[in-house]
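**Student:** Using the sequences plus the hints, can you model the full thing?
Each protein sequence line maps, in turn, to chains W and U. Heads up, the first sequence is in the numbering used here, so the first residue is 9 and it goes up one at a time. Heads up, the second sequence is in the numbering used here, so the first residue is 648 and it goes up one at a time.
Since the hints were derived computationally from the structure, they do not count as laboratory data. Using N, Cα and C, we set each Cβ at its ideal position, and we do this for glycine too. Be careful, since some hints might not be right.
[Said to hold, decoys possible] A short, non-exhaustive set of chain U residues, derived as facing chain W with CB atoms under 8 Å:
{"id": "1", "residue": "K649"}
{"id": "2", "residue": "P652"}
{"id": "3", "residue": "P823"}
{"id": "4", "residue": "R914"}
[As the list claims (entries may be wrong)] To give a feel for the contact side, a few chain W residues facing chain U, derived at Cβ under 7 Å:
{"id": "5", "residue": "R132"}
{"id": "6", "residue": "E136"}
{"id": "7", "residue": "F425"}
{"id": "8", "residue": "D427"}
{"id": "9", "residue": "T678"}
{"id": "10", "residue": "Y741"}
{"id": "11", "residue": "T743"}
{"id": "12", "residue": "E744"}
{"id": "13", "residue": "T747"}
{"id": "14", "residue": "F802"}
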Amino acid sequence: MSTRLFGQRVPRSEDPRLVTGNGRYLDDLGHDALAAAFVRSPHAHARIGDVDVSDAVDVEGLVAVYTYEDLVSDQAEHGSRMAEALPLLIPHPTLTHGRTPYPLANGEVNHVGEAVVMVVAVDRYVAEDAAGRIHVDFEPLPAVVGIERARDGGRLVHEDVPGNVAAVMVQQTGDADAAVDAAPHSLELELEIERSASMPMEGKGVLARWDADDQSLLVHTSTQTSTSVRQAVAAKLALPVDRVEVVTPDVGGGFGVKIMHPWPEEVLVPWAARRLGRAVKWTEDRREHFVSSAHERGQLHRVRVGYDDEGRLLGLSVRFWHDHGAYIPYGLIVPIITSTQLLGPYKPGVYRVEFTSLYTNTVIVTPYRGAGRPQGCFVMERVMDAIAAERGIDRTVVRERNFIRPEEMPYDHHLVFQDGRALRYDSGDFPASLEKLRKLVGWDDFAAFREQARAEGRLVGIGLACYVEGTGVGPYEGGHVRVESDGTVVVSTGLTSQGQGHQTMLAQIVADELGVPFDRVRVTTGDTRRFKYAVGTFASRTAVMSGSAVAMTARRVREKAMRIAADALEASPEDLEIVDGQVRVKGTSPSGANVSIDLGTVAVLSNPLRYAFDDAARRATQFASPADPARAPISPGDAPGLEGTEYYSPTQSTFANGMHAVVVETDPDTCEIKILRYCVVHDCGTIVNPMILEGQIHGGVAQGVGGALYERMEYADDGQLLNASFMDFLMPYSTEVPTVEIDHLETPSPLNPLGVKGAGEAGVIPGSAAIASAIEDAEGFPIRRMPISPSELFHLRQEHQS
Amino acid sequence: MKPSPFTYHRPHSADEAVELLRAYGDSAKVLAGGQSLVPLMSMRLAAPEHLVDINRVEALQSVEVGEDEVRVGAAVRHSRLERDEEVYGAVPLLRQGLVNVAHPAIRNRGTTVGSLVHADPAAEMAAVLLLLDGVVELRSATDSREVAAADFFLGPMQSATGPGELAVAARFGRPPPGSGSAFVELSRRQGDYAMCGVGALVTTGQESEITSAKVALVGVGDGPALVDVTSAAAGPGGAFREPQLAELLASQIAPESDIHASAEYRRHLALVLTRRALGQAHERAAA
Ligand SMILES: Cc1cc2nc3c(=O)[nH]c(=O)nc-3n(C[C@H](O)[C@H](O)[C@H](O)COP(=O)(O)OP(=O)(O)OC[C@H]3O[C@@H](n4cnc5c(N)ncnc54)[C@H](O)[C@@H]3O)c2cc1C
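**Tutor:** The following block contains the structure:
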């Protein structure tokens, strides 16, 4: 084998296309399509009266207007399922009051932005003109906004959901409160994180084409799961699944919001396309994304912790309230993740966690990169800092004392993780990671820096935060690998790509396994015409799941190639190797006649039907052995072609970890908060491509900084989102994102053939925790709520001065 | 986010432009750099039926550095003014203010006169116009007039420019010799509208004593606030007396709380940034 690509900084093969503007995103497609626009609720909570379309009907270019009534009649006449509420994707026994929206509102709206009327017209301009002339009678109802109001239950989001409570869930390893009570020291903390959102640059979008002759539907959608959208669309439209194909074009970011499916528009657009017999497209605009996609992070936590003189945890009891918005189609994944991943690298003593998932009249909540972990990490790390402060112990020392030791791996927390499987860490060396971080940031030298800064009238602080991330959740992912007769290797996996570099990463793996040059490998993702069974891209799972699947498949294909080549070369398969796409007898030079055969030729030989269309087929004839008239051209159990499909399905998640340290400066006069240094130590097992990995970390850190210092959803009490634009929802610009200093540790996962763990979400997880820790250190008073703005810091200073 | 239907006009002279504005009255809007107007139209918060694009009007493209003032045509982009060395030599405060206006990409399209007419309460160039005793030249199909900075800003997003009127230029006075200026601001992110911004102009006499000190604040009220702080100057070389500064500012600013900052914090910033701006301006005046 030539130099291994695995572990190399292979430049991303996607980039030349994407950075030269040759990407194909959803809105680049379907210029001939009709356009959809929606009349959305301006109220957070209201009953819907009459819908008057008379002003709209004479807008030139209007094609159709649909309301919920049309879904009802469609269901009655055509047997579709369009009038039913959208599915509750992930039910759970504790989710006793799950409510999901209808594709178009049925009598009541529960958040600003909920779709009420669908308009289809010749283009988006006309569709919006017509939508603007449709008058909906709303009878406003009192809105429930914020955890406090939801919790007090005086006003209800859904009349049949008492107390606004969708679920209460408890997990415990014993009587944690008793353990706290019995501990020599204890603390109580209230900790809060506000809402933010995935906010991909490209919003959602759907294009559907109905082929009346074929009675089939081709859907393009900007999703993180094309296979599941396919199932959902077929079910909703009552079409046989084989009449629906879903293709994911280039996707301009997902960060979680596009794993939710089907979005109302994802079923309405195909439905309208079928009804109208025309291609229909909808491209979400930014305001729509703010008010009708999904948010995340809003949680309020109350913690009781008991510990010994050394700061070791004896008992940890956490109650928290999760604001999941108007509906809960994605179930309890986020709060379940918080309640389990909160533990990070620590042994909590006796642990109990209870959460309540609450309805509010706001946009729904679905996982956003990190998915409940940033909140959990914030809680646990604030607890660590509080213990350190109370005991007067260095913050790294308290953490070290509570770490799970490497020799305790695999470590079972005896809790149930998000996938319904054991929360059991497979590997990791937390003390080693912490040591690397201390070195990287210069933890021990900071006191001197602080003194020097103080002498100059400057305030600086250092903080850190540690996390563990369950990645690569199942149930499975598959890969298909085929060698073409020209030696090209075509790889397909069903999950999607949103710009992460999956094509490059998967090609590296396959190229290594098959012994072919990198540029001979072509990877397709997220196209149900190529691959039918897949789960999706979320939960930091692609390298683990599809990486393992394509590696296993490539190994299988390699075996077959060796068998066929061995026949042709009259050698034994064990004596063969593949170098640069040539199968040869080990140790021979590739020039010798009949001692090597290229993979393309092997592919030709694998197929007994061999018209001499091309050079490869002609070349193959020299190897073809005379047919044995007694044997069938294809032996039983064999198949033509040099290809294979394999699935990887692990018994549990694999747990990555990392630790961040931050140095901040806070301006004594203006209260500005500046990040001076941001250091990351990262352990995601074996690294496939360090450059792609660093890119993932950089992006995650940027979002972590956003969540800590800039982003929040500003809801007024009446449920209006006050900052639904990029002017007022402050994502950090490149000017606000610090240089990220990275060091890696590699503790391979024993769970998969590559030893890899997920890395996609990691960078964002400890942002709020680490930055809060650093601000607290600079200011000398506790930070219990994130994000924090200069204005809030100003008021905190005033509180703590008086 | 698509604008409602409108008719686009592209006049090639100011006469033609004001004639169009007369003809369409309230239903017409001038399109300059479009950096404020186009987003409003896309969000359907503004729905003019006629757009009069002044970008091709040759007569509005000029920047003239005169003996007493700098005259900036209505089609001149922020970035061009910002980078003009002759302008910088004559009135450093123009560049000092402009670098705080939005991001380079927006400055490449947005116009300085457009920003004055748009009258955002946080617009830096409004403060600059006030500090430099500026004037805006307005023209309609029937009339021309000049409005002094002090009378130009009527309230949030409201300037003295009436329907049918085109702002053809703004004139910024050259500060007297011995002057120094500065602009400091604090925004949530680099390039955002400021939570508070302060321009300062300090003039010193023969003995380097402060003969005049003025600040103009943005983001802390309905419009830019010009405050003469000469009386707070402690004397040659000395800093400004803080209690006096605070008192002078207090009556002139009326910050409000919004999602980015509380009124109290803005009030605090106003004083801190005023001190900083005056310090820098004074240093430059003395240099
Ligand atoms: C992200 C972002 C950040 C920004 N940050 C800042 C900032 O920090 N500080 C700041 O000052 N500005 C900021 N701006 C606004 C920017 O400076 C705009 O360029 C400016 O406000 C308007 O100038 P324009 O040429 O783009 O005007 P347009 O958008 O074309 O017009 C704005 C309004 O003024 C009217 N108008 C324009 N020119 C004339 C004229 N000659 N006669 C009569 N009416 C006229 C138009 O009809 C319209 O009503 C920001 C803009 C954006 C998009």
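**Student:** Find the hints from earlier in the document that the structure breaks and name them by number, from lowest to highest.
**Tutor:** Going through the list in order, the structure violates hints 3, 4, 7, 8 and 13 and respects the others.
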